[in-house]
Amino acid sequence: METPAAPHGATLGRPRWWVARVVAPFAWGAGLAGLVALASCGSGPVASGAGGATAPATGVPGSTPGSSPGSTPFGGDTSIVPRCQDVPALGPVRDGGKAGGNPPIGLQNVLATYANHHPESFAGSWIDRDHGGTFVMAFTGDPAPRLAELLELRPAPGDDSVVRPAAKADGTTGSLPAEFTADTRVRDSGWTIDVVRATHTSAELQAIADGRIRGVLAELGLRVGSYGVDQTANRVQVTLVDGDGVEVRRRLATRLPADAVCTDHLPTADERWPAGVPKPATMIPAAGSDPWVTCGLFGTPFPASALTSPPALAPDDPLAVAFAAVVKETPGGTFGDPAAYHLLVRTDTAAVFVNGAGATITAVVTLERRGDRWIGRGGGVGGGPCDLRALLPPGLGDVGWTLDGSYPAPGPADTTVHVLLSETACRSGRPIGDRLRGPEVEVRDGQVLVAFAAAEPTDASSFTCPSNPTTPFSFTLPEPLGARTIVDGRGIPPVPVRTGSPRTAIN
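Note that my numbering has the sequence shown beginning at 1, numbered continuously upward.
Incorrect hints may appear among the rest.
Between beta-carbon pairs, the in silico distance windows are [claimed, not checked]:
{"hint": "1", "residue 1": "Ser467", "residue 2": "Lys328", "range": "39 to 45 Å"}
{"hint": "2", "residue 1": "Leu313", "residue 2": "Ser121", "range": "43 to 49 Å"}
{"hint": "3", "residue 1": "Ser467", "residue 2": "Ala339", "range": "42 to 48 Å"}
{"hint": "4", "residue 1": "Pro493", "residue 2": "His117", "range": "18 to 24 Å"}
{"hint": "5", "residue 1": "Pro145", "residue 2": "Thr78", "range": "28 to 34 Å"}
Worth flagging that the hints you see were computed from the coordinates, not collected in a lab. Computed from a prediction, not measured in an experiment: that's the story for all the values here. Where a beta carbon is used, it is the ideal one built from N, C-alpha and C, also for glycine.
Construct the complete structure from the given sequences, taking the supplied hints into account.
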């Protein structure tokens, strides 16, 4: 089975992520488990439906177990598969009142053990950030008796260990925290637990994803971008390359159960672009500008100047209040003291805080804006130098390059430069070919700035991640090199280009 590449920037040292934690058959976070990327490895957002409505007090310490009704399965028309954006998340869900963090490890293991012992009705689990970090479990059938049983559970020696302690901000590995001991019932854990009703079990949905999707799509002549089980919607989500119009969704309903599947389209480069982030027109930033960049430790873009001149944030700003809560709510003190962090960037939909000085980052915490609240999105500890790269225009991907060691290094009188290019993204070992863009070349301050990129492919091939081939390429400078240095123009500051190993044959 093809495995998608990790989302760009999804790792910082030894990370502790609050989302996309997948521990089969128990998954935490956004609710999408078992994603298989085909057309574009991890390159697009995955819709998971709208948030459910707030319920009466349910699953909180001291409340009446099972007081919330289960959700109503979406729609009654079995002649057409719905779009995922039209499928509401399972609910209603009680608001848990937390901005971030994970439940105690012992609590997670207790709930995982219960789920693993009930595969005939278990339909998924997730931390619902839209509703204040409530820990939600889905089962088929009446949720009331399930919730009543869950609230009375206590840790036991035979519990499945599906979660381990995370690294701390100082680089040490924490021991098992004692927030949830053998004397503590689930109802007394301090975390809101809720149970919602689902139509299909996780096993049923995974069987559709594993055994039927690819064959059906191939027979119908549909190109797939990705597919996977979205637990929050109780559906198998299928992302189609060529759109998901009415006729396509009616055809799918003749081969797949309409109440267990939903569709999405492969997002365009503009649709994937982060809200509030300016789109560059060139690969090489203009002289004297403050370009938006990415850091080699994480993927959220920010202005280059923010590392040395962070944006101001008032202590009573809702973002500052939510950030402090996110850090403090993380068990085991993983992220240390909130006061040691500073804001790096704040856009319409996301914010990033970092711990460190200048370009050396030791920890990062990301928040996401949902409606009128900020919630914890992810974070990691144990970083290092932050190598800055200017953002590429929409639709373009990274290309690494070196001078071609099969030729002599360019001298002062030379105008021809021989390089070796290699695309960074997963492309199943395919060459760049006619998707190559550039080079952009600019002579500035005793340097020759050069930049390359690759247009994203439009076909639906399955992309795995072996090493991509190097592509020999040559280009002409606007004038002799002279005493100038050839540099990578996307580096901030520009980075001198090294010389690669000689090839066995010159093509």
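Against the structure, the hints come out as follows:
1. Ser467 - Lys328: 39 to 45 Å: For serine 467 and lysine 328 the Cβ distance comes to about 43 Å; the hint holds.
2. Leu313 - Ser121: 43 to 49 Å: Roughly 46 Å apart at Cβ, these two residues keep to the hinted range, so it holds.
3. Ser467 - Ala339: 42 to 48 Å: Given about 43 Å between the Cβ atoms, the range holds.
4. Pro493 - His117: 18 to 24 Å: 57 Å, violated
5. Pro145 - Thr78: 28 to 34 Å: Holds - the Cβ-Cβ distance for proline 145 and threonine 78, about 29 Å, lies within 28 to 34 Å.
In terms of the numbered hints stated before, the structure departs from hint 4 and from no other.
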